[in-house]
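So the chains spell out like this:
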Amino acid sequence: MQKIGVFVCWCGSNIAATVDVAAVAEALGKQPGVVYATDYQYMCSASGQNLIKDAIRDYGLTGVVICACSPRMHEATFRKTISSAGLNPYMLEIANIREQCSWIHKDREEATKKAITMGTAAIAKVQLNTPLTQMKSPVTKRALVIGGGIAGMQTALDIADAGFEVDIVEKKPTIGGKMAQLDKTFPTLDCSSCIVTPKMVDTAANEKITIFSYAEVENVTGFIGNFKATIKQKPRYVDAEKCTGCGLCTTKCPSKKSLNEFNMGLNTRTAIYIPFAQAVPLVATIDPDACIKLKTGKCGLCEKVCEAGAIDYAQKEELIEREYGAVVVATGYNQIKPVQYEEYLYNQSRDVVTSLEFERLMSASGPTAGHLQCPSTGKLPRHIVFIQCVGSRGTACREKPYCSKVCCMYTAKHAMLVKDHYPEVECTVFYIDVRTPGKNFDEFYRRAVEQYGVHYIKGMVGKVEQGDGCLKVQASDLLDNRQLHLEADMVVLAAAIEPDPSARKIGTMLTASMDTNDFFSEAHAKLRPVESPTAGVFLSGMCQGPKDIPETVSQASAAASKVIGVLSKDFLLSNPCIAHSDPTLCNGCSQCQNVCAYGAISYEDQMVVDKGVRETRRVAVVNEAICQGCGACTVTCPSGAMDLKGFASNQIMAEVDAICN
Amino acid sequence: MRDIREKLLKKIHELFDAGVVDRVVGWKAGEFCYDVTPALFNAGNIDEILYDAFCGPNQSKFLVKGAEGGEKKILALLKPCDTYSYNQLITEHRIDPEKIYALGIPCTGMVDINKIRALGISGILGIEEDGENLKIETLYGTESCKKADVLLERCLVCKGKNHVAGDELLIPDEEAPEVPKCAERMTEVEKLEAMSPEERFNWWRSQLSKCIRCNACRNACPACTCRTCVFDNPSSGVSAKVNTNDFEENMFHIIRAFHVAGRCTDCGECSRVCPQNIPLHLLNRKFIKDIDEFYGEYQAGAEPNVRGPLISYTEQDVEPSIVMTRG
Amino acid sequence: MQLNDTNQAVPAESGAYKPLIVAFCCNWCSYAGADTAGSSRLSYPSNIKIIRVPCSCRVNPLFILRAFQRGADGVILCGCHPGDCHYTTGNYYARRRMTLLFSMLDYLGIERERTRVEWISAAEGAKFAATMNEFAETINRLGKNRKLRDLRCEI
Amino acid sequence: MAIDREMILQISGVNPKLCMKCGKCSGTCPAYDGMEYHPHQFVSMVENANLEPLLASESLYTCLSCMACIQRCPRQVEPAKLIEAVRLAVIRQQGCDHLLPDELPALLDPELPQQAIVTAFRKYKK
Amino acid sequence: MLKIALAGIDRLFAAIAASKKLYLPIENAGEVEFSEYSEGAKVRLDALQTVKSAKDAFFPFTENMMQFHTDGKNISVEAAKRVDEDFVVFGVRACDARSFSILDKVFLADPPDSFYAARRAHGIIVGLACHRPEETCFCTNFGIDPTKPETDVTAWIEDGVLYWEAQTEKGKALTEEISAFLEASDEKAVEEQRERTKKILERLPLANLDLSYFKTHPELEIFKRPEWKELSSHCLGCGTCTFVCPTCQCYDIRDYNTGHGIVRYRCWDSCMYSDFTLMAAVNSRKSQVERFRQRFMHKLVYNPINHEGEFGCVGCGRCLRKCPISMNIVKVAKTLGGEQA
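Top line first, the protein sequences correspond to chains A, B, C, D and E.
Counting along the first sequence from 1, when you hit position 122 you're at 122 in this note's numbering, and nothing is skipped either side.
Counting along the second sequence from 1, when you hit position 70 you're at 70 in this note's numbering, and nothing is skipped either side.
Counting along the third sequence from 1, when you hit position 124 you're at 124 in this note's numbering, and nothing is skipped either side.
Counting along the fourth sequence from 1, when you hit position 30 you're at 30 in this note's numbering, and nothing is skipped either side.
Counting along the fifth sequence from 1, when you hit position 18 you're at 18 in this note's numbering, and nothing is skipped either side.
Okay, chain A solo, but in the shape it has when bound (with noise of 0.2 Å):
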């Protein structure tokens, strides 16, 4: 039993006018294991903690019950107390009858009775509670950020300069992303790569930053501060240390039937390529797929061009162990194929693309080095039609529920830079809102309608044909109220944009949670949206929703400061109010842990001692660093084995068994 000492606080006349305070500490100083009990005008004040310190010395007190303000208030503060008193900190209840007493009743015996309820209700699971000790593991002061566009790079940046070391791997064999594909960005249309190729000079030149590019994550392990990740480096068959990027393999190659990915497939490239001229890291990359020598053996050009000798052929691929204090996710995301809207004849007219093949057409580095020509004929068109909203805010089966977010506005740049390079060519948006929440951003969809001329329709095209040497479009025209058959030469569609295909893998083995359209879920929609609800694991850019540049750089450097402020710590304390699980009763039926939303609880093998049997048995091991400690756990193991520290089944039913009493 306890020698527990009850305090007993006036809050001035917050509590004092209502309750009896001096008639609650006397009834409460009767009850079994409670040696000390009085009352003080502010258990808070300095004179009230050390009220509360030397009674703990005087009556070697073994557990305190304050009966005060909500423990949201002040229990963080009490705990300071006892513990500068000797007493661990977590022996320790509050009785809150301010809020939920004092501040409620107005009838003094009533509410009087109430807080001796309410107080012999917490010393009931005072006399049940243990000592606990926060947990302190050591953080291993580096980072990975999984996704090299402007949001891993800014992630990456930003944790380097607080002076932690960042690894960021990238699938494809340069940084960058899509922001280096796009030609301008909104609302100021500078030029993307004038602002995101030095973004990635800087990452590549930061000595704290380690690029693995053409690399995926394969798998990781451990919880917060203490990640281990296996990184599977890709085979690119040319030496990376040794390539100098001169590009003389790129015009040798005989295979040259190769879609270029980074121009969205609308020209073609070698099979040993470089990305694009800016690529980081500026060196070639073999695709083993379109490689004469590696299909057959035979040729073996490249090799023969190389000044540098950096050609390998015979490159493995390669697994690197590395360890991690955090992680965040930046996979990014993927514009939709539109190629289930037979409507808008993608699949079947080269003059219908998505924005983003319409980025690269419109782009300086583009197949067409910046000159809007239609794909199909190379001419000007006169007129282009723009579809909002292809694949977004559906409810059908191909159809995205969310909004993509950034189509309305690089749509308005579209068109905008269209008019603004051939006033003759006409433009047509059609739209079923134009939504332009953000700074300057309606200014900027105003200036495409008012100052370029821009024509919005609200309504949407029904369906788009073949016409003759053009595409007849079919639309309605809601606030006209008739329906539209234009002519047109090439479509733009404002797909969907969607989840990296990468992300569901990688939620997977961080257990990070996602959403039902595999965008990763924040640990709180409103008050920690960078954070991933697995501690450890943050969310940088459009892997967690769809947003534009400038937000995703905000969310970007939200990311590193989280990160920052884990990795600069030397050891991570931890709620030590979790569950943990008694072996000897543990089924090992693994209920807790298909619940469990972090991942905390894991399986093994373990010697066990019951009922005088020793024997082997698969139990439930919960890791203490990852366990947050709610409880799902404990009400879904049948055998009781499962437990929660702090509230413990059987504090829950001492304080369910004083209140009834």
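Careful, some of the hints might be misleading.
[As the list claims (entries may be wrong)] Straight-line C-alpha distance at most 35 Å; calculated DSBU-like pairs for lysine-lysine:
id, chain 1, residue 1, chain 2, residue 2
1, E, Lys-224, B, Lys-99
2, E, Lys-229, B, Lys-72
3, E, Lys-334, B, Lys-115
4, A, Lys-80, C, Lys-147
5, A, Lys-184, A, Lys-242
6, B, Lys-135, E, Lys-42
7, A, Lys-463, D, Lys-17
8, A, Lys-405, D, Lys-21
9, C, Lys-127, A, Lys-3
10, A, Lys-337, D, Lys-81
11, A, Lys-184, A, Lys-405
12, E, Lys-81, A, Lys-30
13, B, Lys-289, C, Lys-127
14, A, Lys-106, C, Lys-127
15, B, Lys-146, E, Lys-224
16, D, Lys-81, A, Lys-439
17, B, Lys-191, E, Lys-42
18, D, Lys-17, A, Lys-113
19, E, Lys-148, B, Lys-115
20, A, Lys-113, E, Lys-73
21, B, Lys-289, E, Lys-42
22, A, Lys-526, A, Lys-645
23, E, Lys-331, B, Lys-135
24, B, Lys-99, A, Lys-228
25, B, Lys-210, E, Lys-81
26, E, Lys-148, A, Lys-611
27, E, Lys-331, B, Lys-115
28, D, Lys-21, A, Lys-337
29, A, Lys-400, C, Lys-144
30, A, Lys-645, E, Lys-286
31, E, Lys-73, A, Lys-645
32, A, Lys-611, B, Lys-115
33, A, Lys-295, D, Lys-81
[To be verified] Some chain E residues near chain B, calculated using beta-carbon distances under 8 Å:
id, residue
34, Glu-27
35, Arg-44
36, Leu-45
37, Ala-47
38, Gln-67
39, His-234
40, Leu-236
Keep in mind that the hints were calculated from the coordinates and are not lab data.
No experiment lies behind these values; they were computed from the predicted model shown.
By construction, the Cβ of each residue, glycine as well, lies at the ideal position given by its N, Cα and C atoms.
Fit chains B, C, D and E to the supplied structure of chain A, relying on the hints for placement.
Same frame as chain A, but now just chains B, C, D and E:
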């Protein structure tokens, strides 16, 4: 049934001879025709294995402990309904299928001796299957009854002749005999639901007040595989050896049903073994019915390694208030 | 067992009965919601006593039965709104468990209005107080819980 | 039996609240120009219970039931089903045009052929 | 010998119940148990056996022993009241009746169990003869005559009439009290019934159970028999056999915290349970085979050793009918003592 047994014995000999297994969980004849005992056999006494209409006990739970310790695999003879429990135990890692050779055997429906006795037939000396009827020799003369009237509760709502797990089938499921479905699974539950709360309360009180807390339901249940049950664990705060009053009678059965909710395959062992014939399966079936209605049709053990309804959720799940608003 | 009734006394009913209600509140939303109700001085009956749990998913059906056993007349479980759980998914599990438990109690003929689940956020002090008042009224109407009570606790 | 919104919704099984007013149905409709009220207006008018003009409109029968709008609606509103339901409702309403038996005595005339009375039951009181 | 027509037996019950508690086989939800009589109760004198045995009337399933009341830090103690009024148990069969003498040797031996002793002193047992035994009955192996239970009063039912014969002083006193309901009768019908029944008893499949092995072989030899393992392999470790057994006598003493005190009660326990006798530390019998062996060793070996050759079994056959896996004392006896037969 006799042909099946002959075929079965032949198959068991084959498996022993091939060195696949070195022991088998089967059934052994008792003192009377009906008191068949589940037992473990080895190469020496295979031919004592019995398989007839009284081999009702679901043996899958035995494998939790029984599969340990052999040199070779243990042979388990699983009736179609037993395979559901078998799957569920695999899902919960309570048995290791690597240590077991599961042979699916056909079933023509198992007889409940209590139902024969409830017909007023006593002094039973011998029972013979006679087409659709049973011929019963007693101390007081010969009696007969329809087999369909005295089948075990689980057989009245047979899950079908298909085995959902196992390494081999004695005969292909398509060729196996079928137990005709004699009742709707939820009829009894619906009857209770249709009563007024007061009637339901009195009905359950009269049933549960019979409970002598012998734990037979729990110990026979293939879902109750806890190494130490909360009701046996003095530190759980709810342990008790007997029900000292109506509250404890209620609590034991509510919590037991809750602990197996979503995991119970509706094998009916609880009711079969209850010495007081309390229809405990009606508690489990209520949970099954609710789960089916609220969260979609679910049959525990239909396949291994799926997440049960209480360890999964959807964002659109019904609210608990549905209990207040329906019917 | 009837044979034993000789030494179990049944207490006599006394005067106006004041029912007892146990409210399990999750730490992050509903307990904070109760605090908000308190800060706003929104009153609800004093026979409602709150037990703080980290999450609604911590509440074991055993706790609810325990409360009834010990003499509670109503038990209410409050948690974060679905989708807002501090632990992301806890209340989804709690929702399924409580739905099934309540349904089972109803099936056993126990008054279904004695149990309830409400989702109350930290900001919803008014909802907390209103819910408690309404629940207390329901329980007052039902009176003393007799069907799920352990008479030994009244001796 | 008066035609009301609920009836249309019940017959069609369509939930017009799902509509996000994108107009793709009307954009896709091959019979658009022959219509007084277009598919998206149909949805909107049913949702707003503005049924009188619809019921009187020829547009009901201009719809070809090609189901293109159903195919392409991103929100699964299924306007063609709604149009079909309005047509059905109109047909059902014709049952209400019959004379009621207790209205009959006042109209009876000894000269009136039996046949005419029966016909009146079918046709009259539009 | 006296008699009363069964048609009017309810009046007899009402008369007894007016002055004493009356327990008799009553059906509830399809099962028959000894329960207290009340008007309208479904009395089932025709039922051969109750699920639990009649020992429940003397050694109840659960009974309070004392209570502690706490008030703050003060505790007061109050012992539970012993039974101090006469009561009648009606309809006890010969097997159950014999079980009382087995229980007496345990509970009334020095120091006597005061709860049990009080009930025995105040309990008046009306035995009921069997005339339609079941195939599972084997009481005759233990020298029991089911046609004439050794009880305070013995009763027979034949052809709508209950015949009544007081055997002891207690029985005579009870007969005195209710003599108004009884009329004199000859013994013809009873004798005929007994003869008929005896013929059936000879035909019982378990009538000639040879238990001599357990008395003639050393305890340790029986204990070490390898067959125990096989016999117990499927034992569920439930308490069904124990709880339906008329001679099982183990109990556990437990405290129940009411929140303002403690109720100390005892309740039946089962040596088949893994949590049997935990009070020392752990159950000394760690495996089910040990627990299983203990139960049958007790019935067949230890009891005869300790109590002048009397087996701890009365052959009621309840365990034969109720064991979930149909393992029982007959199978054990035949397996171990088989070669003796």
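Each hint, compared with the structure:
no., hint, verdict
1, E:Lys-224 <-> B:Lys-99, "holds, 30 Å"
2, E:Lys-229 <-> B:Lys-72, "holds, 20 Å"
3, E:Lys-334 <-> B:Lys-115, "holds, 28 Å"
4, A:Lys-80 <-> C:Lys-147, "violated, 46 Å"
5, A:Lys-184 <-> A:Lys-242, "holds, 34 Å"
6, B:Lys-135 <-> E:Lys-42, "holds, 32 Å"
7, A:Lys-463 <-> D:Lys-17, "holds, 24 Å"
8, A:Lys-405 <-> D:Lys-21, "holds, 18 Å"
9, C:Lys-127 <-> A:Lys-3, "violated, 39 Å"
10, A:Lys-337 <-> D:Lys-81, "holds, 30 Å"
11, A:Lys-184 <-> A:Lys-405, "holds, 17 Å"
12, E:Lys-81 <-> A:Lys-30, "holds, 31 Å"
13, B:Lys-289 <-> C:Lys-127, "holds, 33 Å"
14, A:Lys-106 <-> C:Lys-127, "holds, 20 Å"
15, B:Lys-146 <-> E:Lys-224, "violated, 46 Å"
16, D:Lys-81 <-> A:Lys-439, "violated, 43 Å"
17, B:Lys-191 <-> E:Lys-42, "holds, 24 Å"
18, D:Lys-17 <-> A:Lys-113, "violated, 53 Å"
19, E:Lys-148 <-> B:Lys-115, "holds, 30 Å"
20, A:Lys-113 <-> E:Lys-73, "holds, 19 Å"
21, B:Lys-289 <-> E:Lys-42, "holds, 34 Å"
22, A:Lys-526 <-> A:Lys-645, "holds, 28 Å"
23, E:Lys-331 <-> B:Lys-135, "holds, 25 Å"
24, B:Lys-99 <-> A:Lys-228, "holds, 34 Å"
25, B:Lys-210 <-> E:Lys-81, "holds, 26 Å"
26, E:Lys-148 <-> A:Lys-611, "violated, 47 Å"
27, E:Lys-331 <-> B:Lys-115, "holds, 23 Å"
28, D:Lys-21 <-> A:Lys-337, "holds, 24 Å"
29, A:Lys-400 <-> C:Lys-144, "violated, 53 Å"
30, A:Lys-645 <-> E:Lys-286, "holds, 31 Å"
31, E:Lys-73 <-> A:Lys-645, "holds, 28 Å"
32, A:Lys-611 <-> B:Lys-115, "violated, 39 Å"
33, A:Lys-295 <-> D:Lys-81, "violated, 56 Å"
34, Glu-27, "violated, 10 Å"
35, Arg-44, "violated, 13 Å"
36, Leu-45, "violated, 15 Å"
37, Ala-47, "violated, 11 Å"
38, Gln-67, "violated, 13 Å"
39, His-234, "holds, 4 Å"
40, Leu-236, "holds, 4 Å"
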